[in-house]
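Protein chains: 2
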Amino acid sequence: MARATIADVAKLAGVSQATVSRALRGVDKVTPATRAKVERAADRLNFTLSKNASSLASGKTMRVILLCSGKLNEWFNANVLQGVYEVLGPEGYDVSPSFIVDKKESERYFAQLPKNRNADAIVISSFQLDETARAELRSTDMPTVGVNIPAASFCDAAIGIDNFDGMFKAVRLLRSLGHTRIAFLGDYIPDDMVYSTSQRTEAFLEAAEENGYDDGDAAVICADEHGVTLSKSDLAAQLVAKLLSLPNMPTAICAETDQVAIAVVKELREQRLRVPEDISVIGFDDADIAQVADLTTIRQDPLELGRNAGRKVLSLLRGTPLNPAYESQEAALVLRGTTVRLPADAR
Amino acid sequence: MARATIADVAKLAGVSQATVSRALRGVDKVTPATRAKVERAADRLNFTLSKNASSLASGKTMRVILLCSGKLNEWFNANVLQGVYEVLGPEGYDVSPSFIVDKKESERYFAQLPKNRNADAIVISSFQLDETARAELRSTDMPTVGVNIPAASFCDAAIGIDNFDGMFKAVRLLRSLGHTRIAFLGDYIPDDMVYSTSQRTEAFLEAAEENGYDDGDAAVICADEHGVTLSKSDLAAQLVAKLLSLPNMPTAICAETDQVAIAVVKELREQRLRVPEDISVIGFDDADIAQVADLTTIRQDPLELGRNAGRKVLSLLRGTPLNPAYESQEAALVLRGTTVRLPADAR
DNA sequence: TTGTACGCGTTATCAT
DNA sequence: ATGATAACGCGTACAA
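Just so you know, the sequences run in chain order A and B. Note that this note's numbering has the first sequence beginning at 2, numbered continuously upward. Note that this note's numbering has the second sequence beginning at 2, numbered continuously upward.
Hint data in this document are derived by calculation from the structure and do not stem from the laboratory. It is possible that some hints are incorrect.
Since the list gives no way to pick out one identical chain from another, each pair is judged satisfied if it fits inside one copy or across any two copies.
What the hints assert, rightly or not - DSS-like cross-link-like pairs, simulated, lysine-lysine; straight-line CA separation at most 30 Å:
| hint | residue 1 | residue 2 |
| --- | --- | --- |
| 1 | 170 | 267 |
| 2 | 61 | 30 |
| 3 | 243 | 233 |
| 4 | 38 | 104 |
| 5 | 105 | 38 |
| 6 | 38 | 12 |
| 7 | 243 | 12 |
| 8 | 170 | 38 |
| 9 | 267 | 104 |
| 10 | 267 | 243 |
| 11 | 104 | 30 |
| 12 | 105 | 12 |
| 13 | 170 | 12 |
| 14 | 30 | 243 |
| 15 | 267 | 105 |
| 16 | 233 | 267 |
| 17 | 61 | 243 |
| 18 | 233 | 72 |
| 19 | 61 | 72 |
| 20 | 243 | 105 |
| 21 | 38 | 233 |
For clarity, every value in this text was computed on a predicted model and none was experimentally measured.
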């Protein structure tokens, strides 16, 4: 059967196309009686408005892009997507997720992006854009909201986790537990795409200094530069090797993420080091796996981040004021079984 | 700056709109020289084709819907999405994910769905549709591909995991390990939305029978009916209580999913039952958490499922033959630390 | 409150 | 190979 158009409905209902349009969208003034007639006709013809045609006529696409810096099946991204969708979906928006993994793709993406009016807004999750990309973005009229992006300047609004707050809490915990030598363990960070994790490294150093740790007592251990992505276990092996060859072996470590923390715990135990008796470990994120691994960690809530981003998109789109345009989510320490007070004999 | 239209490009390049359209899409015959001219003009004007206008004119929306039965941040759904996106994205399609959690929503969704031509295809993941929904779906001209749906009849193509193969492998493993009394543990299954897990229950019973287990030696334990979703630990507590009050306590169990398995293992250990020495546990899915928990499980690969679904969508959309329209993915047993051969003294 | 008529930016058909 | 022009299906001033 050929799809019914608004004209068919108008004819069947005995009104004009304009009236059908108004009745079906429920915005403009239409007599209840007329509306009923129209709805009955639409129902009989199995008709709903075409999003495409509406978009073309109105200039609103009712679509928002979610651009992620990693795959959509990663814990963080999947949660942000769910959050964004939860608030934008019911409002009639489609959200089309997409992701970029390397710099080349990024360039291509942004070179294409701003030219065509294919979305009403864009939310950018977890990565840094270079000047070119920012310029392209700015040249669009699309409202932009950032999620967990270091420099929020090029966004109309942004929401992120407070990595500094988180790392400070982690370091303070370790100090409270009596650990005098601590370390931060992370992957190699290419400088062309800056992630949240690089902030964590910085934050660790600041927190250590502020809490009275000397340079020698707060080490940062990063993986060597590598082209392809290391498996977490290979990464952990490398990090633990570096850790164990330190002049003064730390008694506690903070890892860049839960994934890294868990792999490191495993590797440490394979080396017959007891966690937490010999060494305490703190992760970052509180992803599903953290609970299973009984890992002490810093919680961030990407689902709520996504919802908040969705709300900000809505405000931007509707011109309602966004009470704080820029927000950061407080981090929460989650105490589990991989941290313990340093035994007296070990101090 | 006002957005440039195809007319502006045509004027600047000194050709007709039609030629610009042809040149930019790269499909029809256009002289290389003309194409170059057009591309230069488009570039200068910062122009790309509007997806909306193209869609309206061509009837192709270049959009495919992904409809999931649970939230998008669930392991399975997130992976399917990633897979679908990986193959459809590079072909120029947007994929708009959406999800439905209860029956009411489902009805509303399908009542709206087929009427407007807002997507070129739909992929439906992980749930059963009732007759009404199927009819609505059929009344659309949209190609439909199913992912992990029990009855594939209403789809043009489908791909799923082979739950039967998986459960048979699990049961055979337990038999090989010498377990003579086994059980299946699962949540309460409302009958209005049938999930993959109900298949697993069936499969367990069949596999048990075929492998020589009596009725008394192969128990199925399900949670009591409940309105709200139980937390996994509450569920596990209930299941373990039922398990421990069985006349003949099994020495091995299969759980509906990894999540349930892990919660059950935890509960068992809290009851001072050793896993696997006292009781073996097998999960289902091989999600991230399974590895962390060192859980023996049946692997399914939703990422590959999604990719395959994406390929089928492409075939359907292009009219190329889909070599098998219906496929099922073999399940693979992953041996880890929660299963062990039944000690001789326990037999 | 309702109807008329034009425009949204492209594709597709038919000439040339 | 290229150009003119009619759809595509709806939103929206403006008029009634």
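Now for the hints, and whether the structure bears them out:
Within a single copy, residue 170 and residue 267 get their C-alpha atoms as close as 24 Å, and across copies as close as 29 Å, so both meet the 30 Å cut-off. Taking identical chains as interchangeable, the C-alpha atoms of residue 61 and residue 30 lie at most 30 Å apart only when both belong to the same chain, with a minimum of 21 Å there against 33 Å between chains. Within a single copy, residue 243 and residue 233 get their C-alpha atoms as close as 15 Å, which meets the 30 Å cut-off; across copies the closest is 39 Å, which misses it. For the homomeric pair residue 38 and residue 104, the shortest alpha-carbon distance between copies (29 Å) is at most 30 Å, but the shortest distance inside one copy (55 Å) is not.
Taking the shortest Cα distances, residue 105 and residue 38 sit within 30 Å of each other only across copies (26 Å), while inside one copy they are farther apart (55 Å). Taking the shortest alpha-carbon separations for residue 38 and residue 12, only the intra-copy value of 11 Å comes in at or below 30 Å, while the best inter-copy value is 46 Å. Taking the shortest Cα distances, residue 243 and residue 12 never come within 30 Å of each other, neither inside one copy (78 Å) nor across copies (64 Å). Taking CA atoms no more than 30 Å apart as the test, residue 170 paired with residue 38 passes in neither setting, with 63 Å inside one copy and 59 Å between copies.
When the C-alpha separation of residue 267 and residue 104 is checked against a cutoff of 30 Å, the pair qualifies neither within a copy, at 33 Å, nor between copies, at 43 Å. In this assembly of identical chains, residue 267 and residue 243 lie within 30 Å of each other by CA distance solely inside one copy; the values are 15 Å within and 34 Å between copies. In the homo-oligomer, the alpha carbons of residue 104 and residue 30 never lie at most 30 Å apart, since the shortest distance is 51 Å inside one protomer and 33 Å across protomers. When the C-alpha separation of residue 105 and residue 12 is checked against a cutoff of 30 Å, the pair qualifies neither within a copy, at 53 Å, nor between copies, at 32 Å.
Taking identical chains as interchangeable, the C-alpha atoms of residue 170 and residue 12 are never at most 30 Å apart, the minima being 67 Å within one chain and 61 Å between chains. Proximity of residue 30 to residue 243 under the C-alpha cut-off of 30 Å is found in neither arrangement, the shortest distances being 72 Å within a copy and 61 Å between copies. Proximity of residue 267 and residue 105 under a CA criterion of 30 Å is satisfied in neither setting, with 35 Å inside one chain copy and 46 Å between copies. With identical chains, the CA atoms of residue 233 and residue 267 are at most 30 Å apart both within one copy (11 Å) and between copies (25 Å).
Proximity of residue 61 to residue 243 under the C-alpha cut-off of 30 Å is found in neither arrangement, the shortest distances being 55 Å within a copy and 56 Å between copies. In this homomeric assembly, residue 233 and residue 72 come within 30 Å of each other (Cα to Cα) both inside a single copy, at 16 Å, and across copies, at 27 Å. Taking the shortest Cα distances, residue 61 and residue 72 sit within 30 Å of each other both inside one copy (28 Å) and across copies (27 Å). In the homo-oligomer, the alpha carbons of residue 243 and residue 105 never lie at most 30 Å apart, since the shortest distance is 32 Å inside one protomer and 56 Å across protomers.
For the identical chains of this complex, residue 38 and residue 233 are neighbours neither inside a copy (63 Å) nor across copies (50 Å), given an alpha-carbon limit of 30 Å.
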